[in-house]
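Undergrad: Sequence:
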Amino acid sequence: MPYQPAGKEVEFYASVHVGPDSPFAADLVEFNAYLENVSFHLKRGEPYGGVGVYLPFEDALMLDRLPEEQRTPGANFHWEMRHALPPSELDGFHPLWISHAFLKEAIVENDLVCSRRLRLQALYVDCEWLDADSLRELVRLADEGATIIWKRLCRQPGWRREPLYASDLEQMLAKPNVVSNSSQITPLLRGEDLPWYWARVLQDALLVFLAHPKAKEIPYPMPYGFCIECGAMRRELVLRWRNLEVPLELKFEPGQSLLLLVNARGEIEMLPVNWKSGSCTQNLRDM
Numbered sequence: 180m181p182y183q184p185a186g187k188e189v190e191f192y193a194s195v196h197v198g199p200d201s202p203f204a205a206d207l208v209e210f211n212a213y214l215e216n217v218s219f220h221l222k223r224g225e226p227y228g229g230v231g232v233y234l235p236f237e238d239a240l241m242l243d244r245l246p247e248e249q250r251t252p253g254a255n256f257h258w259e260m261r262h263a264l265p266p267s268e269l270d271g272f273h274p275l276w277i278s279h280a281f282l283k284e285a286i287v288e289n290d291l292v293c294s295r296r297l298r299l300q301a302l303y304v305d306c307e308w309l310d311a312d313s314l315r316e317l318v319r320l321a322d323e324g325a326t327i328i329w330k331r332l333c334r335q336p337g338w339r340r341e342p343l344y345a346s347d348l349e350q351m352l353a354k355p356n357v358v359s360n361s362s363q364i365t366p367l368l369r370g371e372d373l374p375w376y377w378a379r380v381l382q383d384a385l386l387v388f389l390a391h392p393k394a395k396e397i398p399y400p401m402p403y404g405f406c407i408e409c410g411a412m413r414r415e416l417v418l419r420w421r422n423l424e425v426p427l428e429l430k431f432e433p434g435q436s437l438l439l440l441v442n443a444r445g446e447i448e449m450l451p452v453n454w455k456s457g458s459c460t461q462n463l464r465d466m
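Residue numbers (this note's numbering): 180 to 466.
Don't read these hints as lab results, they were simulated from the structure. Warning: the hint list may mix true and false statements.
Here are the in silico distance ranges between beta carbons for each label pair [stated by the list, open to error]:
no.	residue 1	residue 2	range
1	Ser346	Pro402	46 to 54 Å
2	Asn211	Ser346	50 to 58 Å
3	Arg334	Arg244	19 to 27 Å
Think of the CB as a built atom: it goes at the ideal place given N, C-alpha and C, for glycine as much as any other residue.
Could you build all of it, start to finish, from the sequences and the hints given here?
TA: Below is the structure:
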């Protein structure tokens, strides 16, 4: 328990304790090994760059406190960003959050937005409020040829006004490389109801982790015995990487994720993830 001064309330978020009589207790060693294995692979190589989504921090500051029905023990304000989600239209484009710090360092090389080890096909901006410093960097990148998907007109927040804000925004939106949708860029994955995924580039190969499709439906708080609903599922997807177009026929075992390695010829190797929730699920069914 955190220290609580007399007469004052303290908000905190408790961690998870798994007791010895938990249906999950027998699976902890195997589950921790699974996390270690997946974490090892997802640290390899370089991050795959899809579309950089500007984190709408200014919007969150203006909104302040969350509505009562959206609050949880770990989230009370919009600016805590617990509810921020990439737009659904970018599901297949491997979206990544970016901020002013990224924009300030970024340059455009070979039509890609580059910052340190990251190479992005395009940037995506969908916010009501946008800081003048961030707009200035976006104007610079647009001048350098970056593809920017701009969804709506934004406004300048704060009391200190940048006099060229409106004119800079208008001139940038008139550029041919500033567009309103993602039709000019290539998604990494295409298919119906994509599972959550993450990709890393390993020289001439691509590593793709795909979570069980039911992972997208986990609510807060997670219902007791949710794993029982995570049965076998299939997905038919198409992976497009470099000059390859690779069909993927994926079979997810109950509660299982997948880890794929795609080489430069489009050949697929299924890497072992060593985790199945069978014993936990059976224990819950028996209760």
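Undergrad: Indicate, hint by hint, whether the structure satisfies it.
TA: These are the hints, each one checked on the structure:
| no. | hint | verdict |
| --- | --- | --- |
| 1 | Ser346 to Pro402: 46 to 54 Å | holds (53 Å) |
| 2 | Asn211 to Ser346: 50 to 58 Å | holds (56 Å) |
| 3 | Arg334 to Arg244: 19 to 27 Å | holds (21 Å) |
Figure legend: structure checked against the earlier numbered hints; every hint is met.
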